[in-house]
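*Asks:* Chain by chain, the residues run as shown.
2 protein chains.
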Amino acid sequence: MNASPAFSTKNLETAEQLEAVLRQIGAARYHSLHPFHRLLHGGELNKGQVQAWALNRYYYQCSIPIKDAVVISRFRDRDIRVEWRHRLEDHDGDVGQEGGIERWLKLTEGLGLDTAYVESTEGILPATRFAVDAYVHFVRDRTPLEAIASSLTELFAPTIHEERIAGMLAHYDFVNPSIMTYFKRRLDQAPRDAIFALGYVKQHAHTPAEREAVCNALIFKTNVLWAQLDALYHAYVDGHVPPGAFAPKAG
Amino acid sequence: MNASPAFSTKNLETAEQLEAVLRQIGAARYHSLHPFHRLLHGGELNKGQVQAWALNRYYYQCSIPIKDAVVISRFRDRDIRVEWRHRLEDHDGDVGQEGGIERWLKLTEGLGLDTAYVESTEGILPATRFAVDAYVHFVRDRTPLEAIASSLTELFAPTIHEERIAGMLAHYDFVNPSIMTYFKRRLDQAPRDAIFALGYVKQHAHTPAEREAVCNALIFKTNVLWAQLDALYHAYVDGHVPPGAFAPKAG
Chain V
2 MNASPAFSTK
12 NLETAEQLEA
22 VLRQIGAARY
32 HSLHPFHRLL
42 HGGELNKGQV
52 QAWALNRYYY
62 QCSIPIKDAV
72 VISRFRDRDI
82 RVEWRHRLED
92 HDGDVGQEGG
102 IERWLKLTEG
112 LGLDTAYVES
122 TEGILPATRF
132 AVDAYVHFVR
142 DRTPLEAIAS
152 SLTELFAPTI
162 HEERIAGMLA
172 HYDFVNPSIM
182 TYFKRRLDQA
192 PRDAIFALGY
202 VKQHAHTPAE
212 REAVCNALIF
222 KTNVLWAQLD
232 ALYHAYVDGH
242 VPPGAFAPKA
252 G
Chain R
2 MNASPAFSTK
12 NLETAEQLEA
22 VLRQIGAARY
32 HSLHPFHRLL
42 HGGELNKGQV
52 QAWALNRYYY
62 QCSIPIKDAV
72 VISRFRDRDI
82 RVEWRHRLED
92 HDGDVGQEGG
102 IERWLKLTEG
112 LGLDTAYVES
122 TEGILPATRF
132 AVDAYVHFVR
142 DRTPLEAIAS
152 SLTELFAPTI
162 HEERIAGMLA
172 HYDFVNPSIM
182 TYFKRRLDQA
192 PRDAIFALGY
202 VKQHAHTPAE
212 REAVCNALIF
222 KTNVLWAQLD
232 ALYHAYVDGH
242 VPPGAFAPKA
252 G
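Those sequence lines, one after another, are chains V and R.
Following the numbering used here, the numbering of the first sequence begins with 2 at its first residue and continues without gaps.
Following the numbering used here, the numbering of the second sequence begins with 2 at its first residue and continues without gaps.
If we strip away everything but chain V, and leave its shape as in the complex, we get:
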């Protein structure tokens, strides 16, 4: 009764087979395939729809360091905690030094959204909050191995970021290079993070069952990203904005 997946999580005897299946999962389910991104990157959205995307995505951005702090809290192994800690710095920055969240607020500000309103998160779609919070709960409630595995969508992020930077700059007169610095920065950060996480799961998933759990953690995370775009598409492309959510000015 299910759409048949483009991969099987049943043949996972080796770390190399695990990596191959993880890459198949990304090729089949990463949100670069979502219709909303085709519209966003192809210049087919109006400013209000791009605002809705950036406003909702802010909740994901500002939840990532909370998620990463939970991941750190799962490890008694100091080396992992030290390695993972730089993710907090990447997103939160430091005293007098901007991080990813501030860079995202440059994007929302550049799109004409009030920063206090964005930071309040009061206008986001409930479905955005449910999906993002599910990610934080996942890394708290599942095994440390699954917590790290759920970050593996970063393996597939650079391509979509390059596509997004080029597409948004080419198509939207309300987008300029200075507000796209978040994505430019992630082009360096995401691969480093992904390489560590991939190496970790290949080394620490010892059995086919553990490798399947790693694959399912990545599938879970692709669902977290996909569900956010489904909700944006339903509300702001098909026009079913739920009660209390951000309502763009006509345009």
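Treat the hints with caution; some may be incorrect.
No copy labels: a pair is met if it fits in one copy or bridges any two.
Under the rule of at most 35 Å between Cα atoms (straight-line distance), these lysine-lysine pairs were calculated in the DSBU-like manner [to be verified]:
#: 1; residue 1: 250; residue 2: 203
#: 2; residue 1: 203; residue 2: 48
#: 3; residue 1: 203; residue 2: 11
#: 4; residue 1: 48; residue 2: 11
#: 5; residue 1: 11; residue 2: 107
#: 6; residue 1: 48; residue 2: 185
#: 7; residue 1: 250; residue 2: 11
#: 8; residue 1: 250; residue 2: 185
Hints are computed from structural coordinates only; laboratory data are not their basis.
Just so it is clear, the structure is predicted and the values come from calculations on it, not from any experiment.
Got chain V; can you put chain R on it based on the hints?
*Replies:* Quick look at chain R alone, frame taken from chain V:
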């Protein structure tokens, strides 16, 4: 920037004002107003779409006793635990005695869904899982007062159940009275539960801030219900079924 709500959570000096605002929230945001329910109750869905609704809603049904067990676990007051315990019995039944979950499986079976597949929940929309799990996490993480307040959607349930029973029996040849027993039973159960929960929050919310928290817990819960229907509408009415989710047979 927000759609202006049909109520204010700012004028909450008394228990009576609290009840009035709670009823305004229900009138403005309960999912009886959702377009998907108009289609469902009006006979405008095909069998596959009704199957998708029942399959996804099963995940909500089978999570309710887990949610209620968490609520019970929040109270050191034996009387509340005893009062709330009958909700577990209503949904789980007893040895040799069916409960709400079994009645829901009669509905899905009557709609032609394989019970093992329904119970596996593998075909549900990720957005359904995120929304329902958010409800379980809410009653665990918020105050006991908010945990009870989030059940207050039951104040508004009898009307939608009557509408659903009449509408589905009138419009769908694949629906018969025996598979609608879940809703008939809830017509008695929900009011009893709602009256207790309403009395509890009116008695135990002592300050305007606590009454506002009660209102926000009800708004949260209306969002949990609304988001599930948004996801069903997007996937099965507009036809954007996400990867891995239930795909109805043509019909």
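*Asks:* Next step is simple, just say for each hint if it's right about the structure.
*Replies:* Taking the hints in turn, this is what the structure says about them:
{"no.": "1", "hint": "250 / 203", "result": "neither (48 Å within a copy, 39 Å between copies)"}
{"no.": "2", "hint": "203 / 48", "result": "neither (42 Å within a copy, 44 Å between copies)"}
{"no.": "3", "hint": "203 / 11", "result": "within (16 Å within a copy, 54 Å between copies)"}
{"no.": "4", "hint": "48 / 11", "result": "between (44 Å within a copy, 33 Å between copies)"}
{"no.": "5", "hint": "11 / 107", "result": "between (44 Å within a copy, 33 Å between copies)"}
{"no.": "6", "hint": "48 / 185", "result": "within (21 Å within a copy, 48 Å between copies)"}
{"no.": "7", "hint": "250 / 11", "result": "between (49 Å within a copy, 26 Å between copies)"}
{"no.": "8", "hint": "250 / 185", "result": "within (29 Å within a copy, 44 Å between copies)"}
Of the numbered hints given earlier, the model fails hints 1 and 2; all others are met.
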